[in-house]
Amino acid sequence: MSRRASIAAWMVTFVAAIACASAQPAAKTIALPMRTDGPKSLDPAAGSTTYDNMAAVQFYETLLQVCYYDESRFEPLLLAELPERLDDGKRYRFRLKEGVRFHDDACFPGGRGRAVNSDDVFYSWKRLADKRNGLKNWWLLEDTIVGLDAFKEAQNAALDAGGSFDYDAPVEGFVRVSDLEFEVVLTKPVFRFLWVLTMFQSSVVPREAVERYGQDFASRPVGTGPFVLREWVPKQKLVADRNPNYHDCTYPEASLWSEEDRAAGLAEAAGQRLPIADRIEFTMYVPDQPVWLEFQQGTLGYIELPFDYFSQAFNPRTKRMNADLRRRGVGYRAVPQLDMIFRAFNMDDPVVGGYTEDRKKLRKAISLAMDLQEFNDAFYSGLCVVYDGPIPPGLDGHPQGGRVAGAPRGPDLELARRYLAEAGYPDGQGLPTIRFYTSQGGNNADQVELLRRQLGRIGVRIDVQLVDFSTLIELVNKRSAPMFSFAWLTDYPDAENNLALFYGPNESPGSNHWNYKNPEFDAMYEQAVVMGPGPERTALYERMRDMVIDDCPMVGSLARTRYYLTQPWLKNARPTERFWSWFKYLDVDESKR
Amino acid sequence: MWSYVVRRVLYNVPIFLVIVLILMGLLRINDPVAARLGKVASAEAIAAERDRMGLNRPFPEQYADFLWDFARMDFSERSWDQAQTVGQVVFPSIVPSLSITVPALALSAGVSIVIGLIAAANRGKLIDRALMLGAVLGMCVSYLVYIILGQKFGAFWLSERLGTRIFAVQGYEDWTTWSRPLNALRTWAHYCLLPVLISVVVTMGYDTRFYRAVIVEQATSDYVRTARAKGCGERRVMFKHLLRNAMIPIITRIMITLPFVVVGSLLLEIFFGIPGMGRTLYNSIINKDFPVTQAIVALLAAIFIASNILTDVLYAIVDPRVRLS
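First to last, the protein sequences are chains A and B.
Using the numbering used here, read the first sequence as starting at 1 and increasing by one per residue.
Using the numbering used here, read the second sequence as starting at 1 and increasing by one per residue.
Derived from the structure by calculation, the hints contain no laboratory data.
We put the CB at the ideal spot given by N, CA and C, even for glycine.
Careful: at least some of the hints might be erroneous.
Residues of chain A clear of chain B, computed beta-carbon distances all greater than 12 Å [as the list claims (entries may be wrong)]:
no., residue
1, Lys237
2, Glu294
3, Gln429
4, Thr471
5, Gly510
Cut-off 16 Å, straight-line C-alpha distance, at most; resulting in silico cross-link-like pairs (EDC-like, lysine to aspartate or glutamate) [unchecked claim]:
no., chain 1, residue 1, chain 2, residue 2
6, A, Lys131, B, Asp51
7, B, Lys152, A, Glu208
8, A, Lys237, B, Glu44
9, A, Lys478, B, Glu234
10, A, Lys478, B, Asp174
Over 10 Å on every C-beta distance to chain A, these chain B residues come out as not near it, computed from the model [as the list claims (entries may be wrong)]:
no., residue
11, Ala34
12, Ile46
13, Arg57
14, Arg78
15, Ile148
16, Phe272
17, Asn283
18, Ala316
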């Protein structure tokens with residue numbers, strides 16, 4: 001063999017050998033992306049990010065869950081039936097589902113997971129009050145359950161005094177009826193309480209595991225969820241196997257699905273035992289290119305299409321998927337977000353803050369100078385919904401067509417200039433440069449250039465400060481940022497969650513970042529928070545929305561629509577971001593893989 | 001020599017202490033707690049978290065604790081960002097970094113020295129100009145462009161064309177299973193070879209020009225003329241005389257890059273999803289994970305000091321004129 005032929009043979013062998021290294025996945029294994037460096041903790045009490053949620057809900061479960069077939073509703077998960085509402089919503093009676101067991105784990109006698117009982121629910125919720133868990137999720141139950149706030153104060157005080165946090169200390173609002181039945185007494189009949197029970201932070205965890213694993217509990221999940229942890233390499237991958245002892249849970253019945261979903265084949269798996277897949281494998285992706293390339297290679301079951309790649313998959317004008325992807329049978333779903341992207345004013349700031357007419361006119365002038373549609377077209381491929389006020393599309397209180405009469409929606413430069421003059425700054429003269437803070441991530445550097453140009457048209461100058469997210473939050477919490485920008489993703493599908501951002505007592509460092517204080521608004525919020533859905537509550541939401549629009553503590557808003565692409569071999573996929581336990585419904589058509 | 005090494009180590013202890021002091025001070029300029037708790041943190045939650053993270057303790061106490069732990073190589077402090085100890089975060093990231101940087105350094109240094117020699121031997125000729133033009137072109141293009149194109153064409157496009165996946169688009173698997181060396185090599189090549197090749201292409205431009213300049217400088221020295229006058233062949237002049245004398249700048253350059261070999265290549269690790277030290281350090285800074293940042297930077301400082309001392313020792317070994325005193 002000549003030398004050249006020998007080298008060629010070696011190269012072919014080497015290439016073939018490398019190719020063999022990329023083994024095909026086993027049957028019913030679904031590779032899924034996490035577009036970040038992944039969860040920081042698998043402990044529901046310590047989690048807060050979308051990715052903590054995405055990971056934790058595979059292992060832990062809540063009493064209620066958002067319906068896969070209708071995200072505006074919830075249904076029992078660990079409960080046998082929806083909770084019974086007593087005393088006009090001040091008390092709820094719960095009945096746990098029989099036969100729900102924790103994962104088999106060494107923390108239980110004999111290694112066999114025991115049945116879930118009422119005490120597990122109380123214990124799990126008490127963990128949110130334990131300051132050793134960071135208190136980052138305490139806001140979910142704060143001022144909600146009779147005696148829980150006092151329990152928190154007393155136990156954390158005991159910790160500070162060198163004692164211990166006594167989880168056995170009673171809470172008046174937790175009433176144990178039997179192993180499977182209990183009642184919860186609320187301080188007031190807050191409707192959001194039931195939505196909180198769908199949120200992963202309120203998941204049920206076994207005390208034995210928490211006590212046995214201590215700090216390592218964050219990486220050793222022992223729950224009741226559809227999957228059990230196989231491997232977690234932080235910031236790289238997370239692999240979970242089907243829970244062989246998963247409780248009796250089936251795919252939603254065909255009658256529950258809409259006609260459109262039925263036509264899409266989503267009802268075909270009706271009645272099937274969950275989870276359907278044997279294994280799910282999450283891979284963490286930080287830059288966008290690898291996730292897009294790996295989806296095209298057919299490796300990943302679905303992806304959330306990065307905005308920058310939208311034009312590669314869709315015609316930006318018609319929003320029609322390109323021929324190549326259609327030919328390959330790739331499916332897609334446009335998922336509107338309960339989203340609020342805004343530019344905010346600090347109402348305590350001496351220049352842009354305040355409630356007098358001239359201050360309002362200054363803020364409105366700024367709002368009128370801005371063209372949110374231009375932001376949408378330039379940075380979001382035109383996929384956002386532009387709307388007035390703080391209530392995103394899909395929620396009660398969202399304005400019809402996204403517009404509210406009299407809202408300072410730009411661009412209206414003539415009116416902006418008039419308001420600016422009436423505020424005492426004709427053509428911006430005499431107005432100091434406004435310091436504007438935003439985070440460095442994404443395309444924010446480009447966005448602020450557009451903002452600078454838009455505001456410059458009426459003579460308003462901004463001093464842009466691109467800072468990392470932690471600095472931004474710190475400045476906002478300290479009320480040092482006169483104007484700033486970020487986004488709010490609604491936690492549960494109730495506008496109350498968005499309106500809480502303007503409730504006076506939530507001012508910085510709470511979620512009311514604009515430090516908006518309006519006693520009339522606060523009174524209406526307190527009234528709305530105990531009301532169930534209905535026209536009366538919607539009317540109240542609308543009045544509160546209009547009040548915010550009139551006082552103008554923010555310019556906005558934009559709600560993103562994300563496009564999810566799914567492989568032809570991925571069955572039962574109806575991607576959503578309202579909840580993340582829908583992977584248990586996914587199936588694989590091996591013949592199409 | 002050993003007394004010299006001990007003395008140099010002792011001289012460098014204050015430098016190390018100052019580096020750690022500055023690092024810890026700088027990290028604490030901005031409060032990391034708010035970032036960890038997100039947009040809805042209450043004052044109480046912030047206070048509880050600060051307490052939990054140990055930031056309420058006096059700064060000298062935090063400084064002394066860190067140094068004491070570092071001196072004992074005790075990395076059992078919990079990471080603030082991950083459900084692991086600092087040791088569990090930092091140490092597993094060393095091998096992935098070395099999997100890229102060691103082959104990349106060896107390849108790029110070897111190839112660049114050879115190209116530098118060829119270019120220097122043909123100084124002013126077409127081959128020299130062509131090689132230097134290639135080097136300049138290599139330097140002109142951004143690292144990021146190589147990575148993006150490498151990923152798109154080297155991993156994705158090639159796989160599509162060949163119908164089999166030669167290189168991974170991204171990801172990493174532990175390949176250090178010595179019981180099956182062929183498998184280990186295959187896995188390494190699948191995940192690491194493409195980043196290594198990209199790294200070599202990028203660094204070769206700089207290295208080749210540097211090594212050529214060093215060799216050209218040596219080639220005009222008197223001893224080279226003397227060697228030639230004595231009748232030495234061109235190969236002997238090049239490898240026996242010239243290369244040996246050029247070793248001091250070559251060693252300096254390689255030793256300077258050593259600490260960065262350990263800390264990895266940030267861009268490559270991020271884009272290729274390789275869980276190396278560079279990415280770990282970057283993540284720890286972004287996520288304000290002070291325990292991990294402090295540990296990695298302190299390790300890096302220690303390695304940098306060690307490599308400086310080692311460089312001096314190597315000078316003495318390769319050049320008899322150098323005496324350690």
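Do the hints match the structure? See the list:
1. Lys237: Answer for Lys237 of chain A: violated, closest chain B Cβ roughly 8 Å.
2. Glu294: violated (5 Å)
3. Gln429: holds (36 Å)
4. Thr471: violated (6 Å)
5. Gly510: violated (6 Å)
6. A:Lys131 to B:Asp51: Given that 16 Å is the threshold and the Cα spacing comes to 9 Å, the pair holds.
7. B:Lys152 to A:Glu208: Not OK: Lys152 of chain B and Glu208 of chain A at ~49 Å, beyond 16 Å, violated.
8. A:Lys237 to B:Glu44: violated (34 Å)
9. A:Lys478 to B:Glu234: Distance ~72 Å between Lys478 of chain A and Glu234 of chain B Cα, so the pair is violated.
10. A:Lys478 to B:Asp174: This hinted pair is violated, its Cα atoms lying about 45 Å apart.
11. Ala34: At about 4 Å from chain A, Ala34 of chain B fails to clear the 10 Å cut-off, so the statement is violated.
12. Ile46: With a cut-off of 10 Å, Ile46 of chain B comes too close to chain A, as the shortest Cβ separation is near 6 Å.
13. Arg57: Holds, since 15 Å exceeds 10 Å.
14. Arg78: violated (6 Å)
15. Ile148: Its Cβ does come within 10 Å of chain A, the nearest being 6 Å, so this is violated.
16. Phe272: The assertion about Phe272 of chain B is violated, with a minimum of 8 Å to chain A.
17. Asn283: violated (6 Å)
18. Ala316: Holds, because the least Cβ-Cβ distance between Ala316 of chain B and chain A comes to about 41 Å, which exceeds 10 Å.
Going down the numbered hints, you'll see the structure goes against 1, 2, 4, 5, 7, 8, 9, 10, 11, 12, 14, 15, 16, 17, while the others check out.
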